[in-house]
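There are 2 protein chains.
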Amino acid sequence: MPPGLTIGDFSRITHLSVKMLRRYHESGLLEPAEVDPHTGYRYYTVAQVPTAQVIRRFRDLDMPVREVKEVLAAEPDARGVLIAEHLARLEKQLDATRAAVRSLRGMLEPDRAPITVEHRAVPALPTAAVTATVALGEVLAWYDGAMAEIGTILGTHRRAPGGPPGGLYGNELFTAERGSATVYVPVPDAPTGGRVRPYVVPAAELAVTVHHGPHDDIDVTYGALGSYVTDYALGVAGPVREIYLVGPRETADPAAWRTEIAWPIFRTATATATASAPASAAGLDT
Amino acid sequence: MPPGLTIGDFSRITHLSVKMLRRYHESGLLEPAEVDPHTGYRYYTVAQVPTAQVIRRFRDLDMPVREVKEVLAAEPDARGVLIAEHLARLEKQLDATRAAVRSLRGMLEPDRAPITVEHRAVPALPTAAVTATVALGEVLAWYDGAMAEIGTILGTHRRAPGGPPGGLYGNELFTAERGSATVYVPVPDAPTGGRVRPYVVPAAELAVTVHHGPHDDIDVTYGALGSYVTDYALGVAGPVREIYLVGPRETADPAAWRTEIAWPIFRTATATATASAPASAAGLDT
DNA sequence: CGTCAGGGCTCCCTCGGGGGGAGAGTCAAA
DNA sequence: TTTGACTCTCCCCCCGAGGGAGCCCTGACG
Chain A
114 MPPGLTIGDF
124 SRITHLSVKM
134 LRRYHESGLL
144 EPAEVDPHTG
154 YRYYTVAQVP
164 TAQVIRRFRD
174 LDMPVREVKE
184 VLAAEPDARG
194 VLIAEHLARL
204 EKQLDATRAA
214 VRSLRGMLEP
224 DRAPITVEHR
234 AVPALPTAAV
244 TATVALGEVL
254 AWYDGAMAEI
264 GTILGTHRRA
274 PGGPPGGLYG
284 NELFTAERGS
294 ATVYVPVPDA
304 PTGGRVRPYV
314 VPAAELAVTV
324 HHGPHDDIDV
334 TYGALGSYVT
344 DYALGVAGPV
354 REIYLVGPRE
364 TADPAAWRTE
374 IAWPIFRTAT
384 ATATASAPAS
394 AAGLDT
Chain B
114 MPPGLTIGDF
124 SRITHLSVKM
134 LRRYHESGLL
144 EPAEVDPHTG
154 YRYYTVAQVP
164 TAQVIRRFRD
174 LDMPVREVKE
184 VLAAEPDARG
194 VLIAEHLARL
204 EKQLDATRAA
214 VRSLRGMLEP
224 DRAPITVEHR
234 AVPALPTAAV
244 TATVALGEVL
254 AWYDGAMAEI
264 GTILGTHRRA
274 PGGPPGGLYG
284 NELFTAERGS
294 ATVYVPVPDA
304 PTGGRVRPYV
314 VPAAELAVTV
324 HHGPHDDIDV
334 TYGALGSYVT
344 DYALGVAGPV
354 REIYLVGPRE
364 TADPAAWRTE
374 IAWPIFRTAT
384 ATATASAPAS
394 AAGLDT
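In order, the protein sequence lines correspond to chains A and B.
If you read the first sequence in our numbering, its first letter stands for residue 114, the second for the next number, and so on.
If you read the second sequence in our numbering, its first letter stands for residue 114, the second for the next number, and so on.
Hints are computed from structural coordinates only; laboratory data are not their basis.
It is possible that part of the hints are untrue.
One copy or two, it doesn't matter: identical chains are merged, so the pair holds either way.
Unchecked claim - Computed list of lysine to any residue pairs in SDA-like fashion (alpha-carbon distance at most 25 Å, straight line): (1) K182 with I378; (2) K182 with I331; (3) K205 with L217; (4) K132 with H328; (5) K182 with E231; (6) K205 with G276; (7) K205 with R172; (8) K132 with A237; (9) K132 with P223; (10) K132 with T364; (11) K132 with E222; (12) K205 with P299.
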């Protein structure tokens, strides 16, 4: 048989660049039908054209090369599942984009209400908690799983929550994109089971503010609270706390959510002397 | 004055990682309010928090860092324009994604109609044309501009098109992602003006097929035609041609578009001997 | 006032998905 | 057989982000 299509011919037919065809060969995504062992020349066949086109489509959809390979290797029915999963990811990403646009519009409006910050001393709180080291991008998924598990354990042990659930997020989580995170449900005499452990949230003095609405904007509230804490020259003592006063388990409408953000503080030597104007969360100041 | 917030403090407040803050400093996107010349320590102020949050939002929208810098530097009204442009790009990208999904669904259906290929010898054709070296990704935008310019020039010189417009696309455009492209409108005695030059599309023997619908799928038709040409052991002689029988200027409905794809061919020595089954554009064959 | 941990600094490597180009080897048409 | 077009590998670049080593600086505590 003739050796088939050279890489250039195949490139012309599929509109995949020669560079990409070589990379796809390297990565095992699209093996040439034949490779001359002496010269290294790659030879393709017309039967590979449709495969190449399908690869192109998946890559157009930003499906990772690894995954495209899996899809091509999978049986047709499993294939459908993988594709559906990817499309769901695209949809989620689209939601995030929409949220970012919405939030951006809000931020560029110059009329932002100043936040109110409350100081509060809280006693130690016994809870049932799950703690782990997670990456910042995975916190949401991890949170859902952990909260569900706490709910299950409390249910089997017939304990009723003694207050709204909350979380503690280590500072490294934000400075280094991954760090320790804890989510808890207050309950006296907490049971153990699965990842759930009893944990006593330590007593602390907190600077607290309430974030209204979905968590897409929560960094703005963090910023406002952080600015306040800085303006009053307060030191940060330990992980940030969030208390989910109204969350997805209370209402399906994210706009109705209420999240307390609590920053454990201690007064530095200069704290009382340096108090000045309250923090502002205004728009750009370039 | 105190030196302000350390990079860690600022990171906690803005939820931008320390790494990213340093990169944004390097790239000039977000300069610390102060940098200690001896230690290199970066110090930020709370006034920079809103800026950081806006940067975060733009990055969430995949706006390139270069561009975010421009947006921040621009006056508020020019800012609106840049943002609108970016949102338009996102919208366009979304369309492309939808098209890819649609096309993918079609490709994974196993019942694809085989294409019909026609051989045609065409004489030399005098035209008014624009030629340039363009990147594959920019062809569409370039095409629109070039066609508009040809239309303008023909209008001022009172020449009527002598047939459907077309294009010639060098093979390098596909093998190397950039190459020479020509678009033309047939007209005897073509005028000169702007980028428009008279150009005679050379006579050739062509293998021609018609692509129906929007150009998102056009690579499939290219693949089918390429497979046909290969199956009949024909050589490729010169740039591929497209003839826009029904295009955006005839109808707003992309599904009604008709594009001829014409591959200049020559018969190789083995051509008549090797003729075999017609090309198929069927689904995956993994 | 000295110690020392925590946090800051720079520099380099990695990843993913691409591009450009050099230098050498190969194929096939004239 | 020549020669130009094609292909090979290898290395560098881009973007935007992360990991980690090794060293220096700051500040709270004793």
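Going through the hints against the structure:
1. K182 with I378: So K182 and I378 fail the 25 Å test inside a copy (50 Å) and across (35 Å) alike.
2. K182 with I331: between (37 Å within a copy, 23 Å between copies)
3. K205 with L217: both (18 Å within a copy, 19 Å between copies)
4. K132 with H328: between (42 Å within a copy, 23 Å between copies)
5. K182 with E231: For K182 and E231, neither the intra-copy (53 Å) nor the inter-copy (36 Å) Cα distance is at most 25 Å.
6. K205 with G276: neither (31 Å within a copy, 47 Å between copies)
7. K205 with R172: both (18 Å within a copy, 17 Å between copies)
8. K132 with A237: neither (61 Å within a copy, 35 Å between copies)
9. K132 with P223: Close neither inside one copy (49 Å) nor across copies (29 Å); limit 25 Å.
10. K132 with T364: For K132 and T364, the Cα distance exceeds 25 Å both inside one copy (51 Å) and across copies (37 Å).
11. K132 with E222: Neither: 46 Å inside a copy, 29 Å across copies.
12. K205 with P299: neither (31 Å within a copy, 48 Å between copies)
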